[in-house]
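> What follows is the residue order along each chain.
Protein chains: 2
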Amino acid sequence: MDIIKPRTLSGFMELLPGKQAQFERMLTILRNTYASYGFAALDTPVIEDAQILLAKGGGETEKQIYRFQKGDSDLALRFDLTVPLAKYVALHCNDLAFPFRRYQISKVYRGERAQRGRFREFYQADIDIIGDGKLDILNEAEIPAIIYKVFRGFGLSRFQIRVNNRKILSGFYAMLGLSEKSGDIMRTVDKLDKIGPEKVKTILLEECGLTEAQAEEILKFIAIRGTNAQVIAALEGYLGRSEIFDLGVEELKAVTANLAAFGVPEDNFAVDLTIARGLDYYTGTVYETTLLDHPEIGSVCSGGRYDNLAGYYIEKQLPGVGISIGLTRLFYVLDEQGLLNPELPSAPADALVLPMTAEVGPAIALAEQLRTGGLRVQLYGEQKKFKQKMAYADKLGVPFAVLLGEDEIAEGKCSVKNMRTGEQVKLTPAEAVEYILSALAAGNGPVILEK
Amino acid sequence: MDIIKPRTLSGFMELLPGKQAQFERMLTILRNTYASYGFAALDTPVIEDAQILLAKGGGETEKQIYRFQKGDSDLALRFDLTVPLAKYVALHCNDLAFPFRRYQISKVYRGERAQRGRFREFYQADIDIIGDGKLDILNEAEIPAIIYKVFRGFGLSRFQIRVNNRKILSGFYAMLGLSEKSGDIMRTVDKLDKIGPEKVKTILLEECGLTEAQAEEILKFIAIRGTNAQVIAALEGYLGRSEIFDLGVEELKAVTANLAAFGVPEDNFAVDLTIARGLDYYTGTVYETTLLDHPEIGSVCSGGRYDNLAGYYIEKQLPGVGISIGLTRLFYVLDEQGLLNPELPSAPADALVLPMTAEVGPAIALAEQLRTGGLRVQLYGEQKKFKQKMAYADKLGVPFAVLLGEDEIAEGKCSVKNMRTGEQVKLTPAEAVEYILSALAAGNGPVILEK
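The listed protein sequences correspond, in order, to chains A and B. The numbering of the first sequence is this note's numbering, which starts it at 10 and goes up by one. The numbering of the second sequence is this note's numbering, which starts it at 10 and goes up by one.
Everything labelled a hint here was simulated from the structure, so no lab data went into it. It cannot be assumed that every hint is accurate.
[As the list claims (entries may be wrong)] Derived lysine-lysine pairs resembling DSSO-like cross-links, with alpha carbons at most 30 Å apart: (1) A:14 <-> B:422; (2) A:262 <-> B:422; (3) B:325 <-> A:393.
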């Protein structure tokens with residue numbers, strides 16, 4: 010038979026079991042946290058009608074999308090979870106209770122040029138709250154509060170959710186008589202971190218055609234820094250000149266006040282007037298999240314408030330607010346930076362039961378007892394020498410081996426061996442469960458260990 | 010703006026939130042049960058190199074596969090989880106501990122002709138145990154024992170895992186001098202349930218070219234019925250005439266004995282000599298699982314023992330045993346038959362906190378306290394009339410509403426309203442957690458309610 014060399018496509022993450030166990034922990038934290046805030050799990054198809062996915066159209070998306078024919082169907086793989094959500098809500102809006110809160114943690118597909126740390130298949134972990142016509146400002150604080158909980162759940166504390174409001178930006182540009190140029194200006198200002206204020210000014214003058222005074226006003230505005238209270242105080246100096254600006258400041262004040270009520274420490278969120286988010290889609294609060302020790306990664310979690318989720322599919326006005334974690338990339342970066350907690354057990358089992366007799370009935374029964382007690386238990390059924398059995402336990406990385414020989418069977422006990430310390434004790438099955446569970450609880454730590 | 014009518018492609022399951030909650034429960038039971046037996050979670054790409062997925066080739070697969078070009082890559086969507094497993098094990102075999110036990114619960118894609126209850130995108134929930142060169146017979150009992158646990162976990166009891174051994178079949182045909190025709194014969198015998206013994210005999214005589222005596226022997230053989238002990242006793246009457254047959258009987262005896270040791274009641278597994286499984290792939294124990302009250306559905310969980318998992322990708326001999334649940338179809342059928350437990354809460358939250366004051370800080374804090382107590386809590390932040398708030402609670406189907414007005418805030422309490430009975434009590438947040446958790450525990454039942 011001809012052998013075909015096995016490979017996994019570049020740009021597709023495929024983890025070894027130990028790493029996958031870490032990734033699964035993050036998935037579980039995400040699911041549990043999202044669910045604890047009353048979000049419904051949602052699962053939409055990977056394949057959709059290409060016309061529907063591309064309703065908005067636009068450059069990068071059209072280039073990157075995986076699109077193909079099957080029979081006479083024009084199909085494509087989803088490139089995010091927002092467009093399928095829009096389709097879902099438009100299709101099922103009569104059956105949904107609004108505000109509709111859903112989470113979806115699923116893979117999306119973008120045929121980008123492959124490069125280190127860029128993925129063509131990656132998980133997004135999204136939450137959105139969709140209103141029917143209206144949506145209270147409270148939701149715009151709850152969304153980042155949930156993200157705070159998720160990141161803390163991962164074990165992170167050195168992160169910052171940066172918040173701004175698009176109404177403040179567009180109101181401010183209106184004050185300067187620059188409403189029509191606000192898109193170009195925001196895209197330029199967005200580069201501030203990368204190219205610095207001097208270059209930003211040059212572009213504003215030469216490419217956007219601003220006057221010296223206008224450019225200076227903008228640079229002064231985006232240079233506003235300080236505590237959230239200080240930034241808001243500075244913003245209040247501009248009040249009374251633009252209705253939309255004033256509304257934005259009011260919203261920002263509500264969001265920061267409510268974030269504090271949700272228990273998010275000031276260290277973990279900051280008003281940042283330079284954040285605009287590229288998409289025209291957003292109309293109010295916008296978010297980006299950075300790891301303070303790794304600013305080079307950019308935002309690991311972004312989103313914002315929008316006015317019209319599903320305008321391509323339905324007349325109904327569906328405003329919403331949502332946020333998305335690029336999970337595959339985040340995991341890749343955390344792993345690269347050595348931040349995944351190496352102390353967490355990576356084995357698929359808490360205990361490996363090793364029968365030491367030819368008759369395996371007692372070992373089967375013992376393994377079932379340990380499982381009933383709440384342990385993940387693997388039964389090793391291979392007829393191998395003791396040394397080979399222990400070599401398997403080592404390679405698996407299982408924290409405990411449970412040996413069952415003639416003596417143990419006669420006594421109604423089993424020998425529990427701590428694979429790290431080598432310590433071995435003879436216990437009843439019930440005692441063994443207690444012993445192993447308490448040792449595992451002691452070793453429990455966060456998924457991410459900050460250095 | 011032009012409106013594009015939203016739709017979901019036919020053959021793709023997309024559930025409303027309440028149904029999705031039921032599906033998620035089944036996923037959780039599957040993950041927990043598979044993990045409790047020491048299987049590692051695995052996640053492989055949906056897209057693979059088409060050459061690799063199609064290494065085996067063959068009619069139906071080539072026709073049904075979703076295959077497309079991107080740039081100069083020849084890509085395809087996985088049509089099962091076994092081929093990606095073979096690739097994975099071949100690619101990573103030096104990093105894996107053998108026997109390698111993995112579970113994968115993921116979507117697969119087959120562009121079949123769409124029809125009711127047939128899906129083009131569907132979940133498979135697979136477990137496999139892969140040995141390096143050898144694999145003990147014990148694993149062939151553990152696999153169906155785990156499936157027993159899963160189905161019981163779902164709430165099912167009226168199901169039967171039917172077990173046979175391909176060595177018994179091929180040994181038996183060898184006794185009759187029919188080894189070369191055994192493939193055709195097995196495919197014919199496989200139709201016994203559908204077409205009856207008379208038609209089977211006709212095909213054996215006319216199409217397979219058997220003699221009257223040979224056909225009679227086969228019909229007599231596959232008519233062997235009774236308890237597992239009776240069937241095995243009947244098989245022992247054929248011993249000594251074919252080595253491979255004798256080995257198969259020995260294996261079958263070991264599997265049935267061990268299944269009993271795993272605690273699987275005889276009602277839930279049966280030796281059934283008519284089961285062959287179509288694929289040449291299987292070489293020993295084979296499984297099918299039927300719902301006793303719904304035989305028309307066919308097998309909902311099938312698999313078996315194979316000798317060579319990854320022969321297309323690697324020289325290494327990798328025998329294994331595995332089984333697969335076609336989860337999407339199973340869920341669809343259970344739902345159609347009205348077997349999903351309607352008593353289980355379908356709401357995304359256990360409690361809906363309704364602030365009755367303009368200031369929402371106390372409600373935010375209360376919701377956080379209830380979450381810390383372990384509840385899934387949704388905070389309703391919309392400024393609506395009381396009646397509209399309760400209408401939302403009703404539509405969401407949430408079991409408890411928690412009202413927080415001036416009085417409650419002053420007393421440090423909240424009003425917990427049972428949405429089903431209408432009963433309302435004023436409790437501290439800690440008492441509210443206790444009260445709601447105990448009510449939820451009392452209402453806890455299986456996902457599936459047999460009639």
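> Would you mind marking each hint as holding or not holding in the structure?
Hints and how they fare:
Annotation: proposed proximity of residue 14 of chain A to residue 422 of chain B is violated, straight-line Cα distance about 66 Å (limit 30 Å). Using a Cα cut-off of 30 Å, the hinted pair residue 262 of chain A and residue 422 of chain B holds, with the two alpha carbons roughly 28 Å apart. Pair hint residue 325 of chain B plus residue 393 of chain A holds up; C-alpha atoms about 20 Å apart against a cutoff of 30 Å.
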